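Novice: Below, each chain spelled out in residue letters.
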Amino acid sequence: MTATSAVSTLDQVMERWEPVIGLEVHGQLLTQSKMFCGCSADYIGSPPNSNTCPVCLGLPGVLPVMNRVAVEYTVRSALALNCEIPERSKFDRKNYFYPDLPKGYQISQWDMPLSLNGHLTFTVDGAEVRCGITRVHLEEDTGTLQHAGDILQQARSSVVDLNRAGVPLMEIVGEPDLRTPAQAREYLVRLRQILVYIGVNDGNLEQGSFRCDANISLRKHGETGLGVKVEVKNMNSFRAVHRALEYEIVRQGRLLDQGQTIAQETRGWVEAKGATISQRSKEYAHDYRYFPEPDLPPLHLNAEFVDRVRAALPELPQQLAERLQRENGLSAYDAATVTAEREDARAFESLVAAGVPAKAAANWLMGEVARLARESRTPLPGSGLGLEGLASLIKLVEAGTINGSTAKELLEELYLAGGDPAAVVEERGLGQVSDQAELERLVDAVLAENPAAVADFQGGKEQALQRLVGGVMKATRGRADARVVTGLLRDRLAP
Amino acid sequence: MSWETVGELGARLRSGETTPAQLADHARSAIESLASLHPVLRYTGALTEHQAGRAARMLAESPEQAGPLCGIPFAYKDVLCVEGVETSAGSKILEGFIPPYTGTALQRLLDAGAVPVAVTNCDEFAMGSSNENSAFGPVGNPWDPSRVPGGSSGGSAAVVAAGAVPFSLGTDTGGSIRQPASFCGVAGFKPTYGRVSRYGLIAFASSLDQIGPFARSVEDAAHVFTAMAGHDPRDSTTSPLPVEPVATQLARGVAGMRLGVPREYMAEGLEPGVRAAVEAALAQLEKLGATLVEVSLPSTEAALSTYYIIAPAECSANLARMDGVRFGLHVDRQSLTDTYLETRGQGFGPEVKRRIMLGTYALSSGYYDAYYRQAQKVRTLIAEEFDRAFETVDALVCPTSPIVAFPKGDKSDPLSMYLCDVLTLPVNLAGLPGISIPCGLSEGLPVGLQVIGPRLGDAQVLRVARAYEAATAWHTQQPPPLPAASEAFA
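In order, the protein sequences belong to chains C and F. If you're matching positions, the first sequence starts at 1 in the working numbering and goes up one per residue. If you're matching positions, the second sequence starts at 1 in the working numbering and goes up one per residue.
You may find that some hints are simply not true.
[As the list claims (entries may be wrong)] Every beta carbon over 10 Å from chain F, so not counted as near; a handful from chain C, in silico:
id: 1; residue: V65
id: 2; residue: K103
id: 3; residue: G104
[Claimed, not checked] Coverage of chain C stretches by chain F, computed from C-beta distances (three or more under 8 Å per stretch; other residues unrestricted):
id: 4; segment: 123-129
id: 5; segment: 295-304
id: 6; segment: 350-358
[As the list claims (entries may be wrong)] Residues of chain C clear of chain F, computed beta-carbon distances all greater than 10 Å:
id: 7; residue: R16
id: 8; residue: P60
id: 9; residue: G61
id: 10; residue: V62
id: 11; residue: L63
id: 12; residue: R192
id: 13; residue: D202
id: 14; residue: K220
id: 15; residue: D287
id: 16; residue: R371
id: 17; residue: D420
id: 18; residue: D435
The hints are simulated quantities; they were obtained by calculation from the structure and are not laboratory data. A quick note: this is a predicted structure, and the numbers were derived from the prediction, not measured. Glycine included, each C-beta is placed from N, C-alpha and C at the ideal position.
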């Protein structure tokens, strides 16, 4: 132990200790109805307790009926994560009391989950990371509570909203294979991307349709045993996960350096404080008393069903990125960027199909279009311009009809308002001045007007050329092709 | 009192001699005259009127299409949910709970035109064998008001035995229809598990519960069963197979059938009067042309302990929703934990608490394998033994209960009470159909004969029972008149 250990930085702790991180992700499934009743699974914005029925309210006498689509979505997710699908599976009751859990038990899966033994592979800082997936199983979401006060234990009163109760919830349990907060973050980014790609989850961390809990412990480098683990909850963004894990590594590292032991407990990330605080120690750990749900028969998933789901599995982001590199000649970076969001990847493929060169399609999508989509909160497919309009605009640039800056101005103008770019260009005479004789006339005029710049250039000042190019562009109100103008100037000034 | 059968009442309705409303009124007065037995917790009021009107219209519009239950009054156990009518499961914790929905079995009876009149008393959450565990007081046996009617569906058995209604509904988790039917001298039928939807039945033990009828004849029980039975998309444990028509089976008799007599069910512990009545009944069946075969169900002795792991385990979870948050009793306390503890502490009776604790213990970490998992294995064994028996016999015949109705307060020790169901609960563990029908009297109290069939052999069970009933008159026996109301309250 060193005298400075109590104030070790993250880097110092990481030199002495190796973090072992495993993530549990809960994702709400994008089914029409809830897991065990006919209520809508889309509960956001409904007045409190309006999206309920006797079944999801857990009234005496009701019975659950399994949502088959939820099972299919879970199997789809499991297959995308390289899991095995056992032929037999079942639901179990997980028993605990809490006001947001109307039945006093959650229907979940214990010892026979829908899937097992998968993995997710990704790259962090150029190195490949392979994180095992222990299991993907299906359960029901709870309701939500609001407290008059910070936390339930100190609340003056609490109100229960069961609109969310019974929404299908998939739990993805990862192996403790992650070693850095950056790996944990990338795992989540990739996992979310896959679930959104295959259409089972909307990937919204803020609203909690995609949630993550982390288990983290430290051990000496080179050791194989595991230290005492702490569970961290309440992280509502990728950034929060990253920060909370960094905080925990430093907190645990300092305690261990002081010769203290880590308490096995659940801690909550408090964003405002930038710290985790203790929520529940192990003495109060639940005994969930799992047992098979007698109201639901066991599930038999035959090979035919699994094969059908597998065959219908859409192309996964990693496969798509590889294909775009191979077929469209995109760089690894461009391919990864274009495929980050499913909508972008679709837009890219549509643009290419419409005849737009791949590199140009990627640049426009990731640059100006992404900025406009973000600023106007309107994705391209729902914008006035649309995919077709964008394709037509980029093609005008590629054909040399308009130059880049004109195109950017048009994009800005037409993105929300809509309109046919070719027609607008025609109507306003925005077309590039490509008449050689006209350009030569303008070049000569600019040369005549700027003898100083000419002299500078001929004196060896290369930058002087830019002033001359600028002059020609100004004379054409920006409609000339700067490369052509540069070529013409060089020809004229050649010794 | 009216001792007419469903068929007789139906004929009077169709001839215009009476109306559904008159029958319902009559049933209600008859039940009121039973007040000293306390078999009923409340009347169904507006629903009765509404259904009587609906039945009258159905009969007027097409008397042939209206089924046998149209216009027939009935009572149902206080664990079945009907929209707008309080259902308390015999418990303080649900007092005042008015379901906003109607369960499937009840809905099917309503759609058949049957007219509910009253909600019957029962053991709290259907846990008990004497109806003494009702939070609203015990029920008296019409044959001897100082004795219990059996349980848990004691009120439903009593109103039929006393001639107040021609049929009623009960639920059977370990014998809760058959044992009170035996004690009260009526027919009580527990269908195959999964034959009648449990949607709307306040669960005690989900893998064992089943709704079934009490009636004064096998034929009437069959009518009620037929109206309720069949797949229900709201209950995933109902069988998707079509329901075998019962009516055609009923008249076929037992000639040529092989009936098994389980050796373990005729063993020591049977009261002599019960043994004598059941042996006479077996002889009668033989006389009707059945072949009696002794069979062995060696795991029977493990059934009781198996049952008292599985049923409490399931009930410990099923009753967790009674937490005072959304319905029923709410005892307000400063903290959430205290609110839970006080609500459940005050709301549940001692037997319910005992079973919740038993079940919680059996499922606890470290005990699960020794208790719950082991019990499931034994349960499978018990079911397999029955299956093997049914490879060689068509049905099993045996006593329903080793004893006749006992005096109230006689079995204060829970274990001796649990032993009452030793001949009925293996049937629930195996999910089989079983009926109890009157087969004699022992010291003036009814004895029940139990007929057990293979899974989905409901019609077969009813057929054997009907053959016996057709040849005997025990089902027509009526309890002695009750002491006059003034004396009862004196």
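Novice: The structure should be examined with respect to each hint, and the outcome stated for every one.
Specialist: How the hints compare with the structure:
For C/V65, the condition that its CB be more than 10 Å from all CB atoms of chain F is violated, with the nearest at approximately 6 Å. A cut-off of 10 Å between C-beta atoms contradicts the statement that C/K103 is not in contact with chain F; the least separation is 5 Å. A Cβ of chain F approaches the Cβ of C/G104 within 10 Å, the least distance being about 2 Å, so the stated non-interface status is violated. Chain F is given as covering the segment 123-129 of chain C, and this is violated because 0 residues of the stretch bring a CB closer than 8 Å to a CB of that chain, at least three being needed.
Proximity of the segment 295-304 of chain C to chain F, defined as three or more residues with a beta carbon under 8 Å from a beta carbon of that chain, is established by the 3 residues found. Using a Cβ-Cβ cut-off of 8 Å, 0 residues of the segment 350-358 of chain C lie near chain F, which falls short of the minimum of three, so the contact claim is violated. The beta carbon of C/R16 is kept farther than 10 Å from every beta carbon of chain F, the shortest such distance being approximately 36 Å. Distance to chain F contradicts C/P60 as a non-interface residue, since its nearest Cβ pair spans about 4 Å, not more than 10 Å.
Taking the minimum C-beta to C-beta distance to chain F, about 4 Å, the non-interface status of C/G61 is violated against the 10 Å cut. Listed as outside the interface, C/V62 is inconsistent with that label: its C-beta sits roughly 7 Å from the nearest C-beta of chain F, within the 10 Å cut-off. The Cβ of C/L63 sits about 5 Å from the closest Cβ of chain F, inside the 10 Å cut-off, so the non-interface label is violated. Against the 10 Å criterion, C/R192 stays outside the reach of chain F, whose nearest CB is about 32 Å from its own CB.
No Cβ of chain F approaches the Cβ of C/D202 within 10 Å, the least distance being about 28 Å, so the stated non-interface status holds. With a closest Cβ-Cβ approach of about 31 Å to chain F, C/K220 is found to remain outside the 10 Å limit, as its non-interface label requires. Against chain F, the non-interface label of C/D287 is violated: not every CB pair exceeds 10 Å, the least being about 5 Å. For C/R371, the requirement that its beta carbon stay farther than 10 Å from each beta carbon of chain F is met, with the minimum near 49 Å.
Chain F leaves C/D420 outside its interface by the beta-carbon criterion, the shortest separation being 53 Å against a cut-off of 10 Å. A cut-off of 10 Å between C-beta atoms confirms that C/D435 is not in contact with chain F; the least separation is 75 Å.
Hints 1, 2, 3, 4, 6, 8, 9, 10, 11 and 15 from the earlier list are contradicted by this structure; the remaining hints agree with it.
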